[in-house]
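Using the hints, position chains Y, R and U with the ligands against chain E.
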Amino acid sequence: MNISDIKKQFPIFNNKIKNNDLVYLDSANSAQKPQGVINRVYDFYTKEFSNVGRSVHYLAVTATNLYENTRSSVQKYINAKDRNEIVFTKGATEAMNLIANTFGQKYLNEGDEVLITELEHHSNYVPWHFLRKSKKINIEFAEVNEDGEVTLDSIKKKITNKTKIIGITHLSNVTGAILPIKEIIGLAHSKGIPVLIDGCQSAPHLKLDMQDLDCDFYAISGHKMYGPTGVGILYAKKKWLEDLPPYQGGGGMIKEVKKQAISYADLPNKYEAGTMATAQVIAFNESIKFLEKIGIENIQNYEKELINYTVDTLKKNNSVKLIANPKNRGGVISFTMEGVHPHDIATILDEDGVAIRAGHHCCQILHEKLGIPATARVSIGIYNTKEDIDQLNSSINKCNKIFDLK
Amino acid sequence: MNISDIKKQFPIFNNKIKNNDLVYLDSANSAQKPQGVINRVYDFYTKEFSNVGRSVHYLAVTATNLYENTRSSVQKYINAKDRNEIVFTKGATEAMNLIANTFGQKYLNEGDEVLITELEHHSNYVPWHFLRKSKKINIEFAEVNEDGEVTLDSIKKKITNKTKIIGITHLSNVTGAILPIKEIIGLAHSKGIPVLIDGCQSAPHLKLDMQDLDCDFYAISGHKMYGPTGVGILYAKKKWLEDLPPYQGGGGMIKEVKKQAISYADLPNKYEAGTMATAQVIAFNESIKFLEKIGIENIQNYEKELINYTVDTLKKNNSVKLIANPKNRGGVISFTMEGVHPHDIATILDEDGVAIRAGHHCCQILHEKLGIPATARVSIGIYNTKEDIDQLNSSINKCNKIFDLK
Amino acid sequence: MNLKELYQEIILDHGKNPRNLRKIDNHNKDAKGHNPLCGDSVHVYLKLNENKKIEDISFEGGGCAISMASASIMTDLIKDKEEFEVKEIVNDFLEMIKEKDDLKNNILSDDEKTKLMCFSGVKQYPMRVKCATLSWHTLTSAINNSQEIVNTEKN
Amino acid sequence: MNLKELYQEIILDHGKNPRNLRKIDNHNKDAKGHNPLCGDSVHVYLKLNENKKIEDISFEGGGCAISMASASIMTDLIKDKEEFEVKEIVNDFLEMIKEKDDLKNNILSDDEKTKLMCFSGVKQYPMRVKCATLSWHTLTSAINNSQEIVNTEKN
Ligand SMILES: Cc1ncc(COP(=O)(O)O)c(C=O)c1O
Ligand SMILES: Cc1ncc(COP(=O)(O)O)c(C=O)c1O
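Chains as they are written, first to last, in this note's numbering: chain E, 1 to 406; chain Y, 1 to 406; chain R, 1 to 155; chain U, 1 to 155.
One chain only, chain E, in its complex shape (with noise of 0.2 Å):
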C-alpha cells in the first residue's frame, strides 16, 4: 500500500491553505473526498440524472439501478443478512432519530430506562432526551473511566430491569477508545435488551461485521466514510425494521392510501419517506469501492502505525496534556495546552494549514465529567501521514512561542 498513491487521489490536497499545504487532521469531522466519489456525482449529474422508483423511463431505470447497487454495496461492506437491513438517511444523525424515535414509540413507556454512555456523542443523547420529555422515561450514563474507556463492567452496573434499550458508541469522537461492544451486545442480548451502536468514527477505520457483532441497530455517516455529504446509513436487523412502526411520511414508503387508512410498503422502503439523497447514495457506492481496493486490514494496519506515532510524538511534547489514553484506540487524540485555550491552538496551527478541531466535539457531557469546556482534538484519515504530524507538533510548539511560554 503506497499512502503517496492513496493521498494523489484526493484533489483537495492540490490547494494551498493560507500559502501551505494541507494538513487535514479534522476527518473526524467529515473526511476528504476520493477523485472517484467526487467524478460520480459529476457524472451522474450530467450524464444520467433521473430521480429513482418512480419512473418507467429509461433514465429512471438506470438511477433506480445504480442506487439499489450502493444498497448491495454496503450490505456486503458491513457484512448484513439481508440487503433490506440498509436504510438509507441524510446522516447518522437521523439514523440515530429514527431510532429513538420509533422504538420509543413502540416500546419505551414511563419509568423505563435507556442507557447510554458518557461518552455519547448529542446525536445518540438528545433524541433519547425527547423522549424523556414525551414519556418520562429516564436515561442512565455508563461511566468513562480516566482512561477515557467505557468497559463492559461499567455497562453491568447500570443495567437494570427496566433499562430497554442500550446505546453506545463503537469509537470515541474524544477519547478515540475503541469500545468492547461485541461483549456489551453478548451481555445485553442475555438479558433481552437490544443495543444500538454510534459507528460513527469506526465505519472508516475498523472491519464491520454485522452478523459478528449482533448488534440490532448501527449508524453510520457517509461524510465521515470519504462519501458525499447527505447520506448516511441506518443498519437495522430486518426484525425490527419490520416491528416498529415507519418514522417520516411520505411518497414511496407506502403500499395503499386511502382517506381512512394506509398501508406500508416492504422493506427498506417504508424507511425511506419522500426524494432520497440519489445521487449522494450512488455515488457513496464509489466511497466503498475506494475503501474495498486498499483494503481494511491495510487500513488498520497503516491507521495503527500513524496513531502509535501521534501520540508517542505528543506524550514527549511537554507542554502537551493528552486527556485520554485508552488501551485499545482510534485516530482521535484529544488534548490541551497549559495556558493556551483550544481555540487559540486550532487558530494558530490554521495559520500553518494545519486543520485541527477545537470545542466540545459535540460531547458536553463528557467535557464536563472531565471539567474542561474544550479540547483540541486531531483525527486521521487514510491520507495522513507522518510528515502531517511532524509539522502538527512543530505548529505546537508556535503557540508556546505566541503565548511566549517558558
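Source of the hints: derived by calculation from the structure; they are not laboratory data.
Take the hints with a grain of salt, since some may be wrong.
To be verified - EDC-like mimics (lysine to aspartate or glutamate), calculated; alpha carbons at most 20 Å apart, straight line: (1) Y/Lys191 x Y/Asp214; (2) Y/Lys16 x E/Glu48; (3) E/Lys158 x E/Glu143; (4) Y/Lys238 x Y/Asp212; (5) Y/Lys259 x E/Glu113; (6) E/Lys316 x E/Glu305; (7) E/Lys258 x Y/Glu143; (8) E/Lys133 x Y/Asp243; (9) E/Lys47 x Y/Asp21; (10) E/Lys258 x Y/Glu113; (11) E/Lys259 x Y/Glu110; (12) E/Lys239 x E/Asp266; (13) Y/Lys133 x Y/Glu110; (14) E/Lys398 x U/Asp13; (15) U/Lys81 x U/Asp30.
Positioned in the frame of chain E, the structure of chains Y, R and U with the ligands alone reads:
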C-alpha cells in the same frame, strides 16, 4: 430570453437515450441540473471541502460562509422577512414531516381536525396520518372539483371550529391546478388557523413571496428547482420556529447539554441537527442564481406559452383524454388513453427518448376520486420546447399503432 | 430489443381481452397483490379441490397490458394443474423473467410454453418486470393462503 | 494578516491575567452568555446606581485568550460610565469588529480606544469574532436585564 442557450446549460441533453435525443418531460418528478450547479458541487469537494460550523480552521470557515450564503439567497428569493426563517432539510417531505410532527406534538389533541385537500401528495397526508394514529385527530379533505381544482369555497366548507391547521398544495402535481392560496391563507388567518403550503411544484415555476402570501409554513424541494438531490427548504415564520419544539436531536442544535437537562440553540440551528447536506446546500445557491439570472417573469411567460401549446396539442389528439382542466394551470398535464394503460404509454414513449411518468404520482386519494389507478403525466421545465411537445405527440400516436387502435 | 418484442400480439390480445377476469363464487383460497409504484392491483381466486388440484382460478384487477396479459395467460395455463405442478411452473416462470433463457418444466406443452415465453421481452425493461410477475407472486400467496398482501417492491 | 496582529501583547496579557474576574456580591443586574460552538460561557455582573451609572462590573467564565481579554478590557473601560454611554461604546465596538475601520465614539480616551482597537485583527478570523463579542452581547443583555441567555449563534 433564448431557450436554446438555457438548454445548453444542461449537460444531460448532450447524451442520447436509446439513440434518440432526450425529451425530458418528467421535471415535476425531478428537474435536470444546470452545469453551474454541477460544477459547484465538484469545486466544493475538490477545493474547499470541510464540515460547516464546527471547526475554526480555514476550510471550515469558508464552508460555513458558503453554506450561510445560500440561506441568504433563499431568503431573498422567496422574500422571507428574516434569514433565520429558512431551515435546510433533506427534502420537502422532511420539511412537511417536521411541521406535522412538531406542530402536532404541541397543538393537536384528540378530536382536533387537520384540513388538507384531495389533491395532496402523500407527503402532505401521511405525516398527518401518523398523528391520527397517535393523537386521535381527524383529517378532513377539501374536495377537488371536476376541473381538478380546489376552490376557496371548498376549503371554506370544511373549516370547523376544530380545524387547527390547514395543509394545501400550491400547484397540484397531477392536475396542474394553481390553488388560490393567498385567499385561502387570508380566510384561514381570519379564523386563527395556520397554513402549511406544499410548494414543491410551484417553487421552480412561480414567483414566491412569503411576506405577500403570509403563509405560516412553506415546503420546497431543492431537486425540483434545478438543484442537487438531498436538500430541501422549510420556510416557517419566526414565531413558529421559536415556539415549536425541535424535530431531530443531535450536534449543532443544542445550546447546553447536561445529564438532566438540555437547552436548544437559537434559530435556525435548532432545526438543523447533525451534519447537514453541506455540499448540496452550497450548490443550491447556484440554482437560485440560475433562476434569478433568467428572471421569474421570463420563466413564467415562456412556460405559460409552452403549457398552452401542450394543452392545445393534446386536446387536438383524439386518443388522449386530459384528466383535468384547471383555469389557472402550471406545467403539469396528466392524461389517459382509451385502451392503453399509462405504464404502457410510458414504455412506448421511452423508446423514442420521451421521458414521462406513469402511475398515481403519490396522489392515491385523487386517483381514487378519479376512479383510475394511474395516469400518464407530462411535466415541463425551463429547458423544454415546442419541438419536445411535437415529439411527445407523435410518440403518443405510436401507442395507438402498437396497440392497433385505429 | 424493440417494442414489438415486448408487445407481442398474444400479449396485446390477452391485455385487451383478459380471460378469467371475474370472481369465483365458491373459491376457497385467494390473495391480493399490489404494485405500489403504479397503484395497480390484482386479486387472485382459487378453487383447490381435495386432491390439491386447481379446479378453478380467476382474477380481478386492472393494470397495464403486460400485467393483464400475464394474469390472463397464467390463469389459463394453471387451471386443472396440481398444486405441486403449479409451484414448479411459477418458479420456472419467475426465473425465466429474471435471468434464464428458457422454461425448464416438463408440465406445460410446447404451445403453452410459447405463450409464456412471450414475456421474455420484459427482461429488457426492468421497471416492467413487476408488471409481469405481480399475478404470479399473488398466486403463490393465494396457494399458501397467506393473509399478507403481496407487494412487488419486496424484491 | 498574521497571528501577531491577532495575538497582540495586550490581548495576551489580559487573556492570561483577566481583570475583574470575580462575582460582585451586591450586583443588581447580571446575564449569562454562551457560545455553543465551543462551550465557552461568561457571566457578567453589574452594579448600576440610581443615576444609571455603572458603579461596579465584573465577570466570571472561561474561554480563549480573545474572549477573556475582551471581557477583561471591556469591564475595565465600562466602569464608571453612564448607561447611555455604555450602549454607545458597545455598539461602536461591535461595528468595529464587524466592518468599520475605526471607533467613532467620543466617550473613550484615545488610550482606551487603542486598547479596543487591538481586537480589530479578529475581523480576519470570522470564527473568532464570536469570541471577541460574547461578553459585549452579554453586557447588553445584563443592562436590559433580560433573562434570556445570550447566544453567539444568534446572528
Ligand atoms: C406536490 C408535491 N409534494 C411533495 C413532494 C415530495 O417532495 P420530495 O420527494 O422532494 O420530498 C412532491 C414530489 O415528489 C410533490 O410533487
Ligand atoms: C461519534 C459520533 N456520532 C455521531 C455523529 C453525528 O454524525 P452526523 O453529523 O454525520 O449525523 C458524529 C459526527 O459528528 C460522531 O463523531
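Which of the listed hints are broken here? Hints that this structure does not satisfy do not exist here, as all of them hold.
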